[in-house]
Structures are given as structure tokens and as C-alpha cells.
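When you get a sec, could you build the whole thing from the sequences and use the hints?
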Amino acid sequence: RHCTDVICCVIFIVVILGYIALGIVAWVHGDPRKVIYPTDSYGQFCGQKDTLNENKTVLFYFNILKCASPVVLINLQCPTTQLCVSKCPDRFATYIDVQASYRYKPDQWNYFKQFCKPGFNNPRKSVAQVLRDEDCPSMIIPSRPFLKRCFPDFSTKNGVLTVANQTTFKDGRGKTRNVTDLREAANGINNVLDARSVGMKIFEDYAISWYWILIGLFIAMIVSLLFLVLLRFTAGVLFWIFIFGVIGIIGYGIWHCYWEYDHLKGIPGSDLTVYDIGFQTDFRVYLQLRQTWLAFMIILCIVEVIIILMLIFLRNRIRIAIALLKEGSRAIGYIMSTLFYPIVTFILIAVCISYWAVTAVFLATSGEPVYKVMANETLCKYANLTCDPETFNTTNVTKLCPGAQCTFAFYGGESLYHKYIFIFQLANAFVFLWLVNFAIALGQCTLAGAFASYYWASRKPADIPLWPLFSSFGRAIRYHTGSLAFGALILAIVQLIRVILEYLDHKLKGTQNSFTRFLLCCLKCCFWCLEKFLKFINRNAYIMIAIYGKNFCTSAKEAFFLLMRNVVRVAVLDKVTDFLLFLGKILVAGGVGVLAFFFFTQRIPVFAQEAPTLNYYWVPLLTVIIGSYLVAHGFFSVYAMCVDTLFLCFCEDLERNDGSTAKPYFMSASLHRILGKKELSPKKA
Numbered sequence: 001r002h003c004t005d006v007i008c009c010v011i012f013i014v015v016i017l018g019y020i021a022l023g024i025v026a027w028v029h030g031d032p033r034k035v036i037y038p039t040d041s042y043g044q045f046c047g048q049k050d051t052l053n054e055n056k057t058v059l060f061y062f063n064i065l066k067c068a069s070p071v072v073l074i075n076l077q078c079p080t081t082q083l084c085v086s087k088c089p090d091r092f093a094t095y096i097d098v099q100a101s102y103r104y105k106p107d108q109w110n111y112f113k114q115f116c117k118p119g120f121n122n123p124r125k126s127v128a129q130v131l132r133d134e135d136c137p138s139m140i141i142p143s144r145p146f147l148k149r150c151f152p153d154f155s156t157k158n159g160v161l162t163v164a165n166q167t168t169f170k171d172g173r174g175k176t177r178n179v180t181d182l183r184e185a186a187n188g189i190n191n192v193l194d195a196r197s198v199g200m201k202i203f204e205d206y207a208i209s210w211y212w213i214l215i216g217l218f219i220a221m222i223v224s225l226l227f228l229v230l231l232r233f234t235a236g237v238l239f240w241i242f243i244f245g246v247i248g249i250i251g252y253g254i255w256h257c258y259w260e261y262d263h264l265k266g267i268p269g270s271d272l273t274v275y276d277i278g279f280q281t282d283f284r285v286y287l288q289l290r291q292t293w294l295a296f297m298i299i300l301c302i303v304e305v306i307i308i309l310m311l312i313f314l315r316n317r318i319r320i321a322i323a324l325l326k327e328g329s330r331a332i333g334y335i336m337s338t339l340f341y342p343i344v345t346f347i348l349i350a351v352c353i354s355y356w357a358v359t360a361v362f363l364a365t366s367g368e369p370v371y372k373v374m375a376n377e378t379l380c381k382y383a384n385l386t387c388d389p390e391t392f393n394t395t396n397v398t399k400l401c402p403g404a405q406c407t408f409a410f411y412g413g414e415s416l417y418h419k420y421i422f423i424f425q426l427a428n429a430f431v432f433l434w435l436v437n438f439a440i441a442l443g444q445c446t447l448a449g450a451f452a453s454y455y456w457a458s459r460k461p462a463d464i465p466l467w468p469l470f471s472s473f474g475r476a477i478r479y480h481t482g483s484l485a486f487g488a489l490i491l492a493i494v495q496l497i498r499v500i501l502e503y504l505d506h507k508l509k510g511t512q513n514s515f516t517r518f519l520l521c522c523l524k525c526c527f528w529c530l531e532k533f534l535k536f537i538n539r540n541a542y543i544m545i546a547i548y549g550k551n552f553c554t555s556a557k558e559a560f561f562l563l564m565r566n567v568v569r570v571a572v573l574d575k576v577t578d579f580l581l582f583l584g585k586i587l588v589a590g591g592v593g594v595l596a597f598f599f600f601t602q603r604i605p606v607f608a609q610e611a612p613t614l615n616y617y618w619v620p621l622l623t624v625i626i627g628s629y630l631v632a633h634g635f636f637s638v639y640a641m642c643v644d645t646l647f648l649c650f651c652e653d654l655e656r657n658d659g660s661t662a663k664p665y666f667m668s669a670s671l672h673r674i675l676g677k678k679e680l681s682p683k684k685a
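Terminal number for the sequence shown in the UniProt record's numbering: 685, no gaps in between.
I should point out that these hints are in silico values taken from the structure, not numbers from a laboratory. Check the hints yourself; a few may be wrong.
Unchecked claim - Pairwise CB distance ranges, derived in the manner of DEER restraints:
1. C529 x H506: 17 to 23 Å
2. I493 x V568: 31 to 37 Å
3. Y286 x F560: 42 to 48 Å
4. L287 x E655: 50 to 56 Å
5. S86 x R132: 36 to 42 Å
6. V305 x L587: 39 to 45 Å
7. V274 x V305: 43 to 49 Å
8. D574 x N384: 57 to 63 Å
As the list claims (entries may be wrong) - Only pairs whose alpha carbons sit at most 20 Å apart, straight line, appear in this in silico SDA-like list of lysine to any residue:
9. K507 x Q495
10. K550 x C3
11. K372 x D388
12. K326 x S337
13. K550 x G474
14. K326 x Q495
15. K170 x Q108
16. K125 x T94
Note that the structure is predicted; figures quoted are calculated from it, not measured. Ideal Cβ placement from N, Cα and C applies to all residues, glycine included.
What follows is the structure, given as C-alpha cells:
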């Protein structure tokens, strides 16, 4: 063994160090509070400690009617003054009414002014000037805090949208408005609020049933292990039962089509052709034609003949595939530690995702407050231009645009660092993809090395090295980090291109240029196919790296041509393996899911008293089903890697050895018997 792809290894290490440096820089400049806490029109956080807003944790909008949707509110793009308040309004009121009655009803003014700008306490100021300068809101509406922002307290009464049981309100500008004017925002808000209520109930269900969910996942793990062990004895039986079942079902379909064809004989109109009746939206019309059933019967006959011919001509290769599946089950039985290696891969990927997410948040919040001119007059030429709040009152903007204000808009900046934040985000995404693919590659190479040590052992299990999984992991890290990083790099580049294409497709969805949409669709399809092909090549290249210790390109080339020389065996083994593993996943997830259904619905008398009382029984049920499928997928991915490794070793064994005393086969006795080379004797297994 020697180090492979050293240059790529050095580049990979440098990129990781640079990625760490990027995270540190983002951490220094970023401030996640910009995402967590709302920001008022003065660029101050609501609820920030040691500030005037420490006890003002909620953001209030002066005129929520100017906001198009809740998304606009959450993104702080609503063109109205935003103010931090200690609590949301709980009543209807307008500035006009409060000003008219402040002398004999001071309590109303004292309540209303908490929603005015800090320090404003001049109810004698004319209404026009107050609304122009936005010293106070023209109205307040009963609201409730959500996402630390005040949203109208919407509800429905007898199917009618209301706010505090009222369908109309005064807008403070002399008009009576209907609550339906807020419908666009209300629909989205109500859905989110309903989701919050459902979310609380789901959380309660998880809090009550988490113990039983873990038991269900443990049962799934045991069933998965048993299925892999039993494949040694049942792989052939399951496959042939399925195949003959398919042949039988197609045969029944042929008979049924003939019966329908013969039954329609002599019925008026049944001898018409599909061309005669043309296109019909009701498919049942075609079922009244003899020609339709004749076409179905011919198609099914062709499919039946193809399947039978494939079974006749590929029977030996199918037997080899089944024998390899059984051998894979035997190999896992000798190296049980491999079944738990996916946990290592999961931890590595979880670390990558966490670091990427934290870095992305800090990069996104690295900007400085940007202020823009907000004018009530739509014709103001300074509207939406950047401004400085400290010098704004000394400019001519307030004279040319009465009532204009310099308010906080978003976070950004003009420095070199801020200009390249988008590039940094792309780099963050690219390195994230690279690291995730490297973690997957490391797992595949480690498992391949362990299973290859099983295949090439002359006497199984006596000659299997001690701790084969840990030895393989050490070899992969020590000698082949560069090769694994090289393969992961190629895949990460293609995946980044796919991400960019998806982004462009999302941005251009509204365009009417059909050629652009067609070109994007073709590019997305091509790169999807390329990614699938590269994953296939990389997987087999990592197996060859684990076996022979060569560099990535050499291993990929040798693996590709080895597979091409055995292309029919590859296709047969791939489909047989996919079918059996899919059957296993459905068996595990479905079996445990049925058991969970009867348990959580209290239909098992023995455990009826133990079953928790839930708001939604489908919450733990779906969790158990999905979790069981993922558990089975984790175990079966090891099995699939085992079979692929043994297959490549098997092909290499056939090409390098001839079964003589000088060059004995390393394959198992069952595989050797299938080959039918009677004059040769393999190593004892």
C-alpha cells in the first residue's frame, strides 16, 4: 500500500482549513439575532438586553394593510413604520377618536400612545401631520404575537372571517373597512396558526409515545438483522416465487383479455377500431372494443415470451446472482460490526450539515443595517434610495417629499466582504457537498475493504483478518484520503451544477420563453443522468481502491471495464438485489407498521392498558413506519455494498485464476458448482 492521489489529498486538507477559516470569519461578522429577533425601523432588535427595547419583545406594524402577505412581514419588507412594543393591541381604536376624547378619556390616550413612536406625547398635533410623519398609527387592531410580530387576531364565526368578533373596522382615515380586506394576509396567517396548534398536539404525542417509538425501531432493527441472516437460505426461494408469480399473473391477464375479446364478439359496435371512434376522455369507451382487448393480449403475450426467454437464457446468471446474495449474507454473519458502520456515516454527515447550516446563517446575517427612504407619496423620486438616519433630517428629502423617513430596510453592506457574501455562500454549499460525498465514499471504501478481506481469505472464516472493519477504515484514511476526495470532488461539482440549474429554473418559471425552459429541462435531465452514472462508477472505483490500493482514475477505469466485460451479470445481479432488498424494506416497514397500528389504536388486548392516549395516533405510527424503513435501509445498504464487493471480487477471481493448484479459485463452493468446472477444485470455504 502507498498513498494515492496525494495532490488531491493536500488540496482537500487545504479546503477544509479554508472552510474552517470561512466559518470563523462568518462567526465574527455574523449575528444570528438578526434572524431570531425582529428589527424595528431604527435597526434595533426587539427584546435585546441592556437596551431601551429590552422589555419590548414584539414588533408592531403601523399600517398592516400596506403589507401584501405574511411573507412580506417576516422578511421585514413591509413599507410602513415598524415599532417594538411590549404587547400587541387588544382592542379596536383609531387616532382620530382617541385625539378627540383624550381630554375626558385620558386612559384611552395613555393606552394608544404606547404604539406611537417613543417620546411622542402631543395629542394636540393635527391628525394630518401625525399620519404624514407617522408619529402614531392611524388605527390599532386586536392582534396576537406570532413569530414575535403582531398579527391581527383572525377567527371565523359561522364561516365568516372576523377580528375580535367584528367584520368591519375603522381605518383611521375616515373609512370603514371590511375584515376581508386583510384576507390575503389572513389566509396565510390562519393556516400557520392552525399549524402551530396542530404542532403542539404532535409534540404532546411525541412526548407521550417516544418510548414506544424507540421500541418499534428496535424491533425493526431485529427484523432487519433476521431478514439478512435468512437471505442465506431464502434468497432463491423468494426470487423464484416472485418470478413465477409474475408469469402466472401475466398468464391470467392473457386469458382474461382473450375472454373479453371473445365475449364482445357479435355485440354491435364492438368491431369498430380505435381510429374510428377517435380520442375519448372516458377510457371505458375503449374497453367496449374487441380491438382494445386484442392489443392488450398481444402486448401481454410479448411480455410473457420475453420473460420466459430471459429466464431460459439467463438462468445460470440468475443462479450466480442468488448465490452471491447468499454469500453476502454469510459474509455479514462473519463481520457483524459492518452492520453498525452506517451510524458512523450518519454522524459524519450530521456534523457536515450542522456546520454548513450554522455557517450559512452567520454569513446571511453578516451585513450592516441598510436604511432606505420611505415616502408616503408614490411620486417621490427619493423613495427606496439608501440614506443615513443621522444626517437625513439635514437633507432636502423631507422638504421635497413631506413625511418621508429614513427607516431600516434590511442587512447588507458595501465592503469587500459584504460584496462577496454570495460567493462565500456558494463556497459553503460546494464544500458541504464535497464533505458529504467524502463521508459516503469513506463508508463505501471501508465496507468494501472489510468484505474483500472475507472473499480473498483462503479458508473462511479462519483466514479473515482480525478486526477487518477497523483495519479497512485505517487503510482508507491513511492511504486513500486523496482518492476518496477526488471521487467526491467530481460528484460535488455535478451536484452544485444541478443546484444552480434548479435555482435558475425556479427563477425563470414565470418566463414565457419556451426555448429557455426546454434548454433548462434538458440540462437538468442530462446532469441528473450524469450524477447517477458517476455514483455508479465511484462506488465500484472505491471497491477497487479497497482491494488493490491504486489511485482513483486507475481504479475507476479497471472497475468500469471489468463491469463491461460482465455487463449481463451486472444487470441481472443489480435487479435481483434491488428486488430482494426492496422486498425486505417493505416487509420490515410494513410488518412493524401493522404492529404499531394495532398497538397505538389499542387493538391488542394484552397491551391495551399500556398504549398511550394520543391526539393523533398516526403521529407515532408514521414515525415508526418511516423510521423502520430508514433502519432497514441502513442495514440493507451495507448488504448491497457487500454484494457489489463480492461480485467484483468474483469477476476478478474468474479472470485472474483458473482453479488449478497454482491458481486456485477463492470463490465459495456453491459458486464454483454453478460454474460447472468439474475439473477444478476451489479453496475450502
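Task: Outcome for the supplied range 43 to 49 Å, where the beta carbon pair is V274 and V305 - done: violated (24 Å)
TODO: Quickly compare the C-alpha distance for K326 and S337 to 20 Å and report which way the hint goes.
DONE: holds (18 Å)
Open item on the list: Between the alpha carbons of K326 and Q495, is the straight-line distance 20 Å or under?
Closed with: violated (35 Å)
Task: Pair hint K507 and Q495, alpha-carbon separation not exceeding 20 Å - done: This hinted pair holds, its Cα atoms lying about 18 Å apart.
Open item on the list: Run the distance test for K125 versus T94: straight-line Cα separation, threshold 20 Å.
Closed with: Satisfied, since the Cα-Cα distance of roughly 15 Å is no more than 20 Å.
TODO: Could you tell me whether the CB distance from L287 to E655 stays inside 50 to 56 Å?
DONE: holds (54 Å)
Open item on the list: The hint says 31 to 37 Å between I493 and V568; measuring C-beta to C-beta, is that right?
Closed with: Holds, since I493 and V568 (Cβ atoms, about 32 Å apart) stay within the stated range.
Task: Restraint check for K550 with G474, where alpha carbons must lie at most 20 Å apart - done: OK: K550 and G474 at ~16 Å, within 20 Å.
Open item on the list: Does the beta carbon distance between C529 and H506 stay inside 17 to 23 Å, or does it fall outside?
Closed with: holds (21 Å)
TODO: Just tell me: holds or violated, for the beta carbon distance of V305 and L587 against 39 to 45 Å?
DONE: Hint violated: Cβ distance 31 Å, outside 39 to 45 Å.
Open item on the list: Just to be sure I understand the hint, the distance between the Cβ atoms of Y286 and F560 should be within 42 to 48 Å; is that true here?
Closed with: Hint holds: Cβ distance 46 Å, inside 42 to 48 Å.
TODO: Given the hint that K550 pairs with C3, test it: the Cα-Cα distance must not exceed 20 Å.
DONE: holds (9 Å)
Violated hints for the displayed structure, listed by number in ascending order: 5, 6, 7 and 14.
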